[in-house]
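> One-letter residues, chain by chain:
2 protein chains.
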Amino acid sequence: MKRSPGVTVPPRGPVRSLVRDLPQAVPFVAPEEIERLRGEAFELRLGANESAFGPSPKALAAAHQELQRTAWYGDPRSHELREVLATLTGWPQDNILVGSGIDDLLGLSVRCTIDPEDVAVASKGTYPTFAYHVTAYGGKLHTVPYNAQFKVDMDSLERAAFRYNARVVYIANPDNPTGTVHSAEAMTDLALRLPSHCTLLLDEAYGDFVQSGELERQTLSENVIRFRTFSKGHALAGLRIGYVLASGRYIEAFEKVRLHFGVNRIAQSAAVASLEDAKHLRAVVDAVAIERDLYSRMLRDLGWTPIPSSTNFISFDVGDASVAADLVGLLAERGVFVRRAGGPPLEGYVRITVGSAKQRRRLKEVLEDACFPGP
Amino acid sequence: MKRSPGVTVPPRGPVRSLVRDLPQAVPFVAPEEIERLRGEAFELRLGANESAFGPSPKALAAAHQELQRTAWYGDPRSHELREVLATLTGWPQDNILVGSGIDDLLGLSVRCTIDPEDVAVASKGTYPTFAYHVTAYGGKLHTVPYNAQFKVDMDSLERAAFRYNARVVYIANPDNPTGTVHSAEAMTDLALRLPSHCTLLLDEAYGDFVQSGELERQTLSENVIRFRTFSKGHALAGLRIGYVLASGRYIEAFEKVRLHFGVNRIAQSAAVASLEDAKHLRAVVDAVAIERDLYSRMLRDLGWTPIPSSTNFISFDVGDASVAADLVGLLAERGVFVRRAGGPPLEGYVRITVGSAKQRRRLKEVLEDACFPGP
Numbered sequence: 001m002k003r004s005p006g007v008t009v010p011p012r013g014p015v016r017s018l019v020r021d022l023p024q025a026v027p028f029v030a031p032e033e034i035e036r037l038r039g040e041a042f043e044l045r046l047g048a049n050e051s052a053f054g055p056s057p058k059a060l061a062a063a064h065q066e067l068q069r070t071a072w073y074g075d076p077r078s079h080e081l082r083e084v085l086a087t088l089t090g091w092p093q094d095n096i097l098v099g100s101g102i103d104d105l106l107g108l109s110v111r112c113t114i115d116p117e118d119v120a121v122a123s124k125g126t127y128p129t130f131a132y133h134v135t136a137y138g139g140k141l142h143t144v145p146y147n148a149q150f151k152v153d154m155d156s157l158e159r160a161a162f163r164y165n166a167r168v169v170y171i172a173n174p175d176n177p178t179g180t181v182h183s184a185e186a187m188t189d190l191a192l193r194l195p196s197h198c199t200l201l202l203d204e205a206y207g208d209f210v211q212s213g214e215l216e217r218q219t220l221s222e223n224v225i226r227f228r229t230f231s232k233g234h235a236l237a238g239l240r241i242g243y244v245l246a247s248g249r250y251i252e253a254f255e256k257v258r259l260h261f262g263v264n265r266i267a268q269s270a271a272v273a274s275l276e277d278a279k280h281l282r283a284v285v286d287a288v289a290i291e292r293d294l295y296s297r298m299l300r301d302l303g304w305t306p307i308p309s310s311t312n313f314i315s316f317d318v319g320d321a322s323v324a325a326d327l328v329g330l331l332a333e334r335g336v337f338v339r340r341a342g343g344p345p346l347e348g349y350v351r352i353t354v355g356s357a358k359q360r361r362r363l364k365e366v367l368e369d370a371c372f373p374g375p
Numbered sequence: 001m002k003r004s005p006g007v008t009v010p011p012r013g014p015v016r017s018l019v020r021d022l023p024q025a026v027p028f029v030a031p032e033e034i035e036r037l038r039g040e041a042f043e044l045r046l047g048a049n050e051s052a053f054g055p056s057p058k059a060l061a062a063a064h065q066e067l068q069r070t071a072w073y074g075d076p077r078s079h080e081l082r083e084v085l086a087t088l089t090g091w092p093q094d095n096i097l098v099g100s101g102i103d104d105l106l107g108l109s110v111r112c113t114i115d116p117e118d119v120a121v122a123s124k125g126t127y128p129t130f131a132y133h134v135t136a137y138g139g140k141l142h143t144v145p146y147n148a149q150f151k152v153d154m155d156s157l158e159r160a161a162f163r164y165n166a167r168v169v170y171i172a173n174p175d176n177p178t179g180t181v182h183s184a185e186a187m188t189d190l191a192l193r194l195p196s197h198c199t200l201l202l203d204e205a206y207g208d209f210v211q212s213g214e215l216e217r218q219t220l221s222e223n224v225i226r227f228r229t230f231s232k233g234h235a236l237a238g239l240r241i242g243y244v245l246a247s248g249r250y251i252e253a254f255e256k257v258r259l260h261f262g263v264n265r266i267a268q269s270a271a272v273a274s275l276e277d278a279k280h281l282r283a284v285v286d287a288v289a290i291e292r293d294l295y296s297r298m299l300r301d302l303g304w305t306p307i308p309s310s311t312n313f314i315s316f317d318v319g320d321a322s323v324a325a326d327l328v329g330l331l332a333e334r335g336v337f338v339r340r341a342g343g344p345p346l347e348g349y350v351r352i353t354v355g356s357a358k359q360r361r362r363l364k365e366v367l368e369d370a371c372f373p374g375p
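Those protein sequences? They're chains A and B, same order as listed. Mapping to our numbering: the first sequence position 265 is 265, numbers consecutive. Mapping to our numbering: the second sequence position 339 is 339, numbers consecutive.
Since the hints were made in silico from the structure, they are not lab data. We treat Cβ as the ideally placed atom computed from N, Cα and C, and that holds for glycine. Hints may be right or wrong, so weigh each one.
As the list claims (entries may be wrong) - Chain B residues, not near chain A, derived (Cβ > 10 Å throughout):
#1 V19
#2 A52
#3 L67
#4 P76
#5 V84
#6 G101
#7 D104
#8 Q211
#9 G238
#10 G348
#11 V366
Stated by the list, open to error - In silico DSS-like links for lysine-lysine, alpha-carbon gap of 30 Å or less:
#12 B/K358 to B/K58
#13 B/K358 to A/K124
#14 B/K364 to A/K256
#15 B/K140 to B/K58
#16 B/K151 to B/K124
#17 B/K358 to A/K140
#18 A/K256 to B/K140
To be verified - Covered stretches of chain A, as calculated for chain B (at least 3 residues, CB under 8 Å):
#19 41-52
#20 90-99
#21 141-152
#22 170-176
#23 197-211
#24 237-247
#25 273-280
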């Protein structure tokens with residue numbers, strides 16, 4: 001760096017200015033934090049899209065078993081898990097990398113693709129942790145609106161990618177918090193249309209809930225990183241494990257900077273056992289589909305408009321931002337944790353996890369009490 | 001960026017050049033990797049300084065109990081654990097941050113302090129994962145030699161920090177792989193002497209094994225980040241959890257970029273229970289001290305020179321790099337996993353974890369067989 005004579009550059013503090021100048025922003029406030037403020041635990045936890053249907057008993061048994069080896073670090077290559085994933089997905093083992101959940105792997109992907117001032121493109125209103133990582137690595141986020149059906153607008157994303165010379169395009173498919181989904185073909189098509197230096201980050205956190213098996217038809221594209229998790233359908237959010245499917249250029253990059261011993265061994269064992277219990281996952285997905293219809297009907301009966309969802313959650317229109325905030329607050333006072341769907345264009349929406357039938361019945365009582373309180 | 005007319009800047013590939021141009025270097029090859037190459041599991045795992053004395057039964061019970069809630073994300077603030085840590089350490093809760101082990105927190109610290117081309121200083125031969133993170137974030141590492149007793153040379157580190165305008169000085173205390181230790185006063189003193197923009201990263205992974213309680217006397221210094229783990233004395237390496245003690249400037253920075261939901265809830269519960277079982281930790285530390293003497297004596301009896309250690313491992317001089325490589329190979333062939341102590345100046349050293357008495361007896365047989373094979 002050249003300095004003009006006579007100009008003194010003030011010494012930097014110990015924290016990098018890139019980090020020091022970031023806003024203090026947390027993507028999500030945890031239910032535990034709200035519980036501490038309330039001084040009471042929630043009765044229904046329907047705000048973080050956690051599974052109400054539990055993990056595979058085989059996954060749980062494997063986790064209990066593996067606790068015998070807490071003293072040992074986990075395998076940094078998650079070899080056994082990658083073997084099973086390769087068989088299940090048909091992807092080569094070398095194109096599979098395991099991390100501590102999708103948030104971890106999203107951060108890693110942004111770190112490997114976004115230089116300071118580089119641009120990322122995403123839908124306005126989508127999963128905020130992606131934006132969090134982009135900002136934290138010094139990137140700039142450009143957003144484009146959803147289409148009229150609250151679906152990710154592929155053409156707008158493509159145009160924005162070219163216009164802003166984007167390094168990264170992020171899509172959650174199905175999307176969070178709208179719950180809408182695109183076909184595998186639409187994704188493959190978009191990947192081909194993007195500039196060759198641009199990476200498509202394809203977050204399939206909720207892909208297990210797409211019953212058609214639709215997403216599995218997606219083929220390997222050089223510039224796509226697909227993200228999967230054991231936190232949703234597999235009900236292992238508390239264990240922290242997920243993976244990416246990606247071409248060699250990304251895997252090589254990840255290997256150079258990732259936390260090699262970061263994935264705990266209990267999660268690795270549980271994930272292997274969970275994959276081997278395909279029946280359990282199928283039962284969960286079917287149960288979610290049935291309950292999703294019933295939760296949606298209940299919301300409509302109460303006068304609200306849900307967005308059709310392909311996931312284990314439903315975002316529904318309650319009118320405007322202030323009604324949405326009120327409803328979330330009224331439910332919290334009554335022991336039910338849900339979240340607002342986010343900022344514009346979903347500021348008037350509340351997002352609720354599809355739980356069990358029992359939770360639905362209790363939720364109905366609470367909703368009726370909150371909205372039509374007795375004398 | 002200004003471009004001269006007529007000069008075309010070649011378009012960058014999808015991976016940032018900072019990452020693309022890094023070497024493919026992994027700090028440690030895992031025992032599982034060697035087992036896959038051998039086609040057989042190790043009988044003795046004494047290469048990663050994992051505890052042979054097991055976790056607290058209370059920690060294990062808490063982990064089993066918490067597996068009921070695998071579907072729920074862990075508390076991103078690790079509130080309960082930070083409460084217990086605040087009571088135990090006397091540090092305010094706001095100065096404690098929990099992460100997925102020290103490697104995770106070291107990476108976070110480097111990310112918050114090192115701009116590309118910034119300089120970090122450490123002892124030549126010390127824990128390689130620190131260097132890995134510095135390189136991965138584009139920083140430059142300058143190293144200074146240990147002193148004649150293989151102790152970290154505080155004066156040399158201080159001089160290098162000033163000479164190279166270092167942003168970060170890294171010390172493991174006790175050091176890994178030498179096992180030597182400095183007093184809390186020496187650390188406090190160094191922290192005060194460093195430039196005000198320079199951060200002292202004080203890795204106390206093996207601090208639990210310093211029996212005098214010596215390290216607890218260290219006081220809060222504005223420019224120090226102290227790292228602690230549950231992987232060693234607490235025997236929870238497989239669960240991935242550790243924490244930092246740091247002044248507000250660092251905690252604020254970490255909160256802006258860290259993976260908020262990264263710490264699994266099984267680890268959080270086990271860590272709380274483990275801290276509450278101080279008796280178990282004390283018993284482990286005492287057992288390690290007794291066995292450390294016996295392991296050292298065994299190594300001396302075999303003609304080698306161990307470096308006096310304050311940890312749960314011993315590095316010992318076997319002559320030169322080729323003998324060290326041979327010994328590690330001969331032990332691996334016989335089912336014993338140990339590691340070389342590292343590069344120069346320890347290229348002629350082997351590092352071995354202090355295990356149980358039973359493991360010591362078996363190790364002795366294997367060492368005698370490897371070094372003095374029968375006819």
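> Could you work out which earlier hints the structure fails to respect and list their numbers in ascending sequence?
1, 2, 3, 4, 6, 7, 9, 13, 14, 15, 17, 20, 21, 22, 25
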